[in-house]
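Colleague: Sequence:
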Amino acid sequence: MRRSTTVRIRPELDDRELRQVITDIRPIPPFPALGVDRIRPVWQPVADLLDATGPDWDRRTHRVSVLSRVLSPAAADHWVDYAPDSPDAVVMQACVEALRAASGTHRVVDRAQTLCVRAAHAHPRDPTPLIALLDLMRACRVPSRRAAAIWREIISRDPDNRAAHHVVLRYLSPRGYGSVSDMTTFAWHSASRAPVGSPLVLLPLTARAEHFAHVVEAGGTRALGAHRIWHEKAAASELELALNNWFHTSSPPHAEAISDLNLLAFALVRARWLTEATEVFQRIGRHMTMFPWDALEDPVKAFTYWRDRTGAA
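Take the sequence shown: its letter number 272 is residue 272 in this note's numbering, and every next letter is one higher.
All clues given are correct.
Computed cross-link-like contacts, SDA-like style, restricted to lysine to any residue with a CA-CA straight-line distance of at most 20 Å:
1) K301 to V216
2) K233 to V180
3) K233 to H189
4) K233 to W188
5) K233 to N245
6) K301 to R286
7) K233 to W273
By construction, these hints were calculated from the structure, which means they are not laboratory data.
Required output: the full structure, derived from the provided sequences and hints.
Modeller: Here you go:
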(Lines of atoms letter the chains of each structure in order from A; the text may use other names.)
(Lines give C-alpha, C1' and ligand atoms only; values in the text may rest on other atoms or scores of the structure.)
Protein backbone atom coordinates (compact mmCIF):
# COMPACT_ATOMS: atom_id res chain seq x y z
CA MET A 1 0.00 0.00 0.00
CA ARG A 2 1.37 3.41 -0.92
CA ARG A 3 1.90 5.71 2.03
CA SER A 4 0.03 9.01 2.10
CA THR A 5 2.31 12.03 2.05
CA THR A 6 -0.48 14.55 2.48
CA VAL A 7 -0.50 16.82 5.49
CA ARG A 8 -3.13 19.04 7.05
CA ILE A 9 -2.03 22.52 8.09
CA ARG A 10 -5.07 24.09 9.68
CA PRO A 11 -5.31 26.79 12.35
CA GLU A 12 -8.13 24.91 14.07
CA LEU A 13 -5.85 21.85 14.37
CA ASP A 14 -8.02 18.80 15.17
CA ASP A 15 -11.01 20.72 16.56
CA ARG A 16 -13.88 19.48 14.38
CA GLU A 17 -16.52 21.71 15.94
CA LEU A 18 -14.35 24.74 15.30
CA ARG A 19 -13.75 23.70 11.72
CA GLN A 20 -17.48 23.40 11.12
CA VAL A 21 -18.03 26.94 12.42
CA ILE A 22 -15.27 28.27 10.15
CA THR A 23 -17.08 26.64 7.23
CA ASP A 24 -20.43 28.04 8.35
CA ILE A 25 -19.28 31.66 8.58
CA ARG A 26 -17.50 31.78 5.23
CA PRO A 27 -19.08 34.31 2.85
CA ILE A 28 -21.53 32.76 0.41
CA PRO A 29 -22.82 34.33 -2.80
CA PRO A 30 -26.46 35.45 -2.41
CA PHE A 31 -28.97 33.82 -4.70
CA PRO A 32 -32.32 34.83 -3.14
CA ALA A 33 -34.28 33.81 -6.23
CA LEU A 34 -33.05 30.25 -5.78
CA GLY A 35 -33.61 30.28 -2.06
CA VAL A 36 -29.86 30.09 -1.40
CA ASP A 37 -28.99 32.78 1.09
CA ARG A 38 -27.74 33.04 4.65
CA ILE A 39 -30.68 32.74 7.03
CA ARG A 40 -28.92 33.11 10.38
CA PRO A 41 -26.64 36.04 11.23
CA VAL A 42 -23.03 35.29 10.27
CA TRP A 43 -21.97 35.48 13.91
CA GLN A 44 -24.57 33.00 15.21
CA PRO A 45 -22.43 29.85 14.76
CA VAL A 46 -19.66 31.60 16.71
CA ALA A 47 -22.09 32.49 19.49
CA ASP A 48 -23.33 28.89 19.67
CA LEU A 49 -19.81 27.46 19.78
CA LEU A 50 -18.57 29.80 22.52
CA ASP A 51 -21.69 29.13 24.56
CA ALA A 52 -21.03 25.39 24.25
CA THR A 53 -17.36 25.86 25.16
CA GLY A 54 -18.25 27.45 28.48
CA PRO A 55 -15.47 28.13 31.02
CA ASP A 56 -12.98 25.75 29.41
CA TRP A 57 -10.48 28.61 29.16
CA ASP A 58 -7.86 26.56 27.33
CA ARG A 59 -10.22 25.57 24.51
CA ARG A 60 -11.99 28.92 24.54
CA THR A 61 -8.69 30.77 24.11
CA HIS A 62 -7.79 28.58 21.13
CA ARG A 63 -11.19 28.91 19.50
CA VAL A 64 -11.41 32.67 19.93
CA SER A 65 -7.88 33.07 18.58
CA VAL A 66 -8.71 31.13 15.42
CA LEU A 67 -12.12 32.71 14.93
CA SER A 68 -10.62 36.19 15.30
CA ARG A 69 -8.79 35.56 12.03
CA VAL A 70 -11.88 34.59 10.04
CA LEU A 71 -14.76 36.59 11.52
CA SER A 72 -14.91 40.02 9.93
CA PRO A 73 -14.84 43.16 12.11
CA ALA A 74 -18.21 44.13 10.64
CA ALA A 75 -19.77 40.83 11.73
CA ALA A 76 -18.31 41.21 15.23
CA ASP A 77 -19.68 44.75 15.45
CA HIS A 78 -23.12 43.59 14.31
CA TRP A 79 -23.14 40.92 17.00
CA VAL A 80 -22.41 43.52 19.68
CA ASP A 81 -25.11 45.81 18.25
CA TYR A 82 -27.59 42.94 18.39
CA ALA A 83 -26.56 41.68 21.83
CA PRO A 84 -24.72 44.49 23.66
CA ASP A 85 -25.01 42.68 26.99
CA SER A 86 -23.44 39.46 25.69
CA PRO A 87 -19.95 38.97 27.19
CA ASP A 88 -19.08 36.59 24.35
CA ALA A 89 -19.96 39.23 21.75
CA VAL A 90 -17.86 41.87 23.49
CA VAL A 91 -14.90 39.49 23.90
CA MET A 92 -15.06 38.41 20.26
CA GLN A 93 -15.22 42.01 19.03
CA ALA A 94 -12.18 42.92 21.15
CA CYS A 95 -10.13 39.97 19.92
CA VAL A 96 -11.02 40.61 16.27
CA GLU A 97 -9.91 44.24 16.60
CA ALA A 98 -6.75 43.42 18.57
CA LEU A 99 -5.60 40.92 15.95
CA ARG A 100 -5.78 43.51 13.18
CA ALA A 101 -4.67 46.59 15.13
CA ALA A 102 -0.89 46.09 15.21
CA SER A 103 -0.52 47.21 11.59
CA GLY A 104 -2.90 50.15 12.04
CA THR A 105 -2.67 53.70 13.30
CA HIS A 106 -2.35 54.80 16.93
CA ARG A 107 -6.08 55.44 16.91
CA VAL A 108 -6.79 51.87 15.79
CA VAL A 109 -4.47 50.47 18.45
CA ASP A 110 -6.08 52.63 21.15
CA ARG A 111 -9.54 51.43 20.13
CA ALA A 112 -8.44 47.79 20.28
CA GLN A 113 -6.88 48.29 23.71
CA THR A 114 -10.04 49.95 24.99
CA LEU A 115 -12.19 47.11 23.66
CA CYS A 116 -9.96 44.50 25.31
CA VAL A 117 -10.20 46.23 28.69
CA ARG A 118 -13.97 46.59 28.27
CA ALA A 119 -14.26 42.90 27.42
CA ALA A 120 -12.14 41.93 30.43
CA HIS A 121 -14.57 43.80 32.68
CA ALA A 122 -17.59 42.31 30.90
CA HIS A 123 -16.28 38.76 31.44
CA PRO A 124 -14.27 38.99 34.68
CA ARG A 125 -13.18 35.32 34.73
CA ASP A 126 -12.20 35.02 31.06
CA PRO A 127 -8.47 35.50 30.31
CA THR A 128 -9.05 35.62 26.54
CA PRO A 129 -9.36 39.41 25.94
CA LEU A 130 -6.35 40.09 28.14
CA ILE A 131 -4.29 37.53 26.21
CA ALA A 132 -5.30 39.36 23.01
CA LEU A 133 -4.24 42.63 24.63
CA LEU A 134 -0.91 41.15 25.73
CA ASP A 135 -0.23 39.89 22.20
CA LEU A 136 -1.13 43.30 20.78
CA MET A 137 1.35 44.95 23.15
CA ARG A 138 4.00 42.49 21.99
CA ALA A 139 3.26 43.21 18.34
CA CYS A 140 3.41 46.96 19.01
CA ARG A 141 6.83 46.57 20.67
CA VAL A 142 5.64 47.79 24.05
CA PRO A 143 8.42 47.04 26.61
CA SER A 144 7.62 43.80 28.41
CA ARG A 145 7.85 45.44 31.84
CA ARG A 146 4.79 47.54 30.96
CA ALA A 147 2.85 44.34 30.30
CA ALA A 148 3.49 42.93 33.79
CA ALA A 149 0.13 44.07 35.20
CA ILE A 150 -1.75 42.45 32.31
CA TRP A 151 0.19 39.22 32.82
CA ARG A 152 -0.61 39.14 36.54
CA GLU A 153 -4.31 39.55 35.83
CA ILE A 154 -4.25 36.77 33.23
CA ILE A 155 -2.67 34.21 35.55
CA SER A 156 -5.02 35.22 38.35
CA ARG A 157 -7.85 34.15 36.03
CA ASP A 158 -6.20 31.03 34.58
CA PRO A 159 -2.78 30.25 36.10
CA ASP A 160 -1.78 27.52 33.63
CA ASN A 161 -3.14 29.02 30.43
CA ARG A 162 -0.99 27.67 27.60
CA ALA A 163 -1.69 30.44 25.10
CA ALA A 164 -0.77 33.18 27.56
CA HIS A 165 2.54 31.55 28.41
CA HIS A 166 3.38 31.22 24.72
CA VAL A 167 2.68 34.92 24.15
CA VAL A 168 5.09 35.80 26.97
CA LEU A 169 7.66 33.38 25.57
CA ARG A 170 7.49 35.13 22.19
CA TYR A 171 7.70 38.48 24.00
CA LEU A 172 10.93 37.41 25.71
CA SER A 173 12.38 35.62 22.69
CA PRO A 174 15.38 37.05 20.82
CA ARG A 175 13.05 37.04 17.83
CA GLY A 176 10.83 39.32 19.93
CA TYR A 177 12.21 41.86 22.37
CA GLY A 178 14.20 39.76 24.81
CA SER A 179 17.11 37.35 24.91
CA VAL A 180 17.77 33.63 25.03
CA SER A 181 18.46 33.96 28.75
CA ASP A 182 15.21 35.81 29.48
CA MET A 183 13.18 33.34 27.47
CA THR A 184 14.83 30.23 28.91
CA THR A 185 14.53 31.45 32.50
CA PHE A 186 10.82 32.11 32.04
CA ALA A 187 10.28 28.75 30.34
CA TRP A 188 11.99 26.74 33.08
CA HIS A 189 10.33 28.73 35.85
CA SER A 190 6.91 28.01 34.35
CA ALA A 191 7.66 24.35 33.64
CA SER A 192 8.99 23.71 37.14
CA ARG A 193 5.72 24.93 38.67
CA ALA A 194 3.44 23.09 36.24
CA PRO A 195 1.61 19.92 37.29
CA VAL A 196 2.30 16.61 35.57
CA GLY A 197 0.31 16.47 32.33
CA SER A 198 0.35 20.22 31.79
CA PRO A 199 1.49 21.49 28.37
CA LEU A 200 3.60 24.05 30.22
CA VAL A 201 6.25 21.38 30.77
CA LEU A 202 7.07 21.75 27.06
CA LEU A 203 7.96 25.44 27.40
CA PRO A 204 11.73 24.79 27.71
CA LEU A 205 11.58 22.85 24.43
CA THR A 206 9.61 25.70 22.87
CA ALA A 207 12.30 28.12 24.00
CA ARG A 208 14.97 25.88 22.45
CA ALA A 209 13.04 25.78 19.16
CA GLU A 210 12.79 29.59 19.25
CA HIS A 211 16.53 29.81 19.89
CA PHE A 212 17.20 27.43 17.00
CA ALA A 213 14.98 29.45 14.63
CA HIS A 214 16.68 32.69 15.70
CA VAL A 215 20.15 31.29 14.98
CA VAL A 216 19.05 29.89 11.60
CA GLU A 217 17.45 33.20 10.62
CA ALA A 218 20.61 35.11 11.56
CA GLY A 219 22.59 33.13 8.99
CA GLY A 220 26.35 33.17 8.78
CA THR A 221 28.70 30.81 10.56
CA ARG A 222 26.45 30.51 13.63
CA ALA A 223 23.66 29.08 11.49
CA LEU A 224 26.00 26.38 10.20
CA GLY A 225 26.35 25.04 13.74
CA ALA A 226 22.70 25.51 14.76
CA HIS A 227 22.16 21.73 14.89
CA ARG A 228 24.39 21.56 17.98
CA ILE A 229 21.62 23.27 19.97
CA TRP A 230 19.72 19.96 19.96
CA HIS A 231 22.65 17.91 21.26
CA GLU A 232 23.36 19.93 24.39
CA LYS A 233 22.93 18.25 27.76
CA ALA A 234 20.05 20.57 28.65
CA ALA A 235 18.19 19.50 25.50
CA ALA A 236 18.14 15.90 26.72
CA SER A 237 16.71 17.03 30.06
CA GLU A 238 14.00 19.01 28.29
CA LEU A 239 13.08 16.05 26.08
CA GLU A 240 12.86 13.70 29.06
CA LEU A 241 10.69 16.20 30.92
CA ALA A 242 8.33 16.55 27.94
CA LEU A 243 8.08 12.80 27.41
CA ASN A 244 7.70 11.75 31.04
CA ASN A 245 5.59 14.62 32.37
CA TRP A 246 3.36 15.21 29.36
CA PHE A 247 3.46 12.75 26.46
CA HIS A 248 3.42 9.55 28.54
CA THR A 249 0.77 10.76 30.98
CA SER A 250 -2.93 9.99 30.96
CA SER A 251 -3.97 13.64 30.89
CA PRO A 252 -6.67 14.42 28.32
CA PRO A 253 -5.40 16.33 25.28
CA HIS A 254 -5.60 20.10 25.52
CA ALA A 255 -6.85 22.33 22.72
CA GLU A 256 -3.45 22.82 21.07
CA ALA A 257 -2.01 19.39 21.76
CA ILE A 258 -1.30 18.96 18.04
CA SER A 259 1.00 21.99 18.18
CA ASP A 260 2.90 20.54 21.12
CA LEU A 261 3.13 17.13 19.46
CA ASN A 262 4.70 18.78 16.41
CA LEU A 263 7.16 20.59 18.65
CA LEU A 264 8.08 17.36 20.42
CA ALA A 265 8.46 15.42 17.15
CA PHE A 266 10.68 18.16 15.72
CA ALA A 267 12.88 18.23 18.81
CA LEU A 268 13.19 14.44 18.89
CA VAL A 269 14.28 14.13 15.27
CA ARG A 270 16.73 17.02 15.59
CA ALA A 271 18.23 15.27 18.62
CA ARG A 272 18.07 11.93 16.73
CA TRP A 273 15.82 10.26 19.28
CA LEU A 274 14.05 8.46 16.44
CA THR A 275 12.53 5.62 18.44
CA GLU A 276 10.70 8.08 20.66
CA ALA A 277 9.74 10.19 17.64
CA THR A 278 7.89 7.29 16.02
CA GLU A 279 5.14 7.20 18.62
CA VAL A 280 4.81 10.98 18.58
CA PHE A 281 4.38 11.04 14.80
CA GLN A 282 1.79 8.29 15.05
CA ARG A 283 -0.26 10.47 17.38
CA ILE A 284 0.14 13.49 15.09
CA GLY A 285 -1.12 11.75 11.98
CA ARG A 286 -1.45 14.30 9.18
CA HIS A 287 -1.89 17.36 11.39
CA MET A 288 1.24 19.43 10.79
CA THR A 289 1.89 22.89 12.25
CA MET A 290 4.29 25.34 10.65
CA PHE A 291 6.12 26.08 13.91
CA PRO A 292 8.74 24.78 14.50
CA TRP A 293 9.18 23.11 11.09
CA ASP A 294 9.33 26.51 9.38
CA ALA A 295 12.86 26.96 10.74
CA LEU A 296 13.88 24.51 8.00
CA GLU A 297 14.14 25.28 4.30
CA ASP A 298 11.16 23.14 3.22
CA PRO A 299 8.91 22.57 6.27
CA VAL A 300 6.40 20.20 4.65
CA LYS A 301 9.12 18.11 3.02
CA ALA A 302 11.00 17.89 6.34
CA PHE A 303 7.85 16.85 8.23
CA THR A 304 6.92 14.14 5.74
CA TYR A 305 10.52 12.91 5.46
CA TRP A 306 10.86 12.33 9.20
CA ARG A 307 7.35 10.94 9.54
CA ASP A 308 8.12 8.39 6.83
CA ARG A 309 11.60 7.62 8.11
CA THR A 310 10.24 6.79 11.56
CA GLY A 311 7.64 4.52 9.97
CA ALA A 312 4.72 6.55 11.29
CA ALA A 313 3.19 7.57 7.97
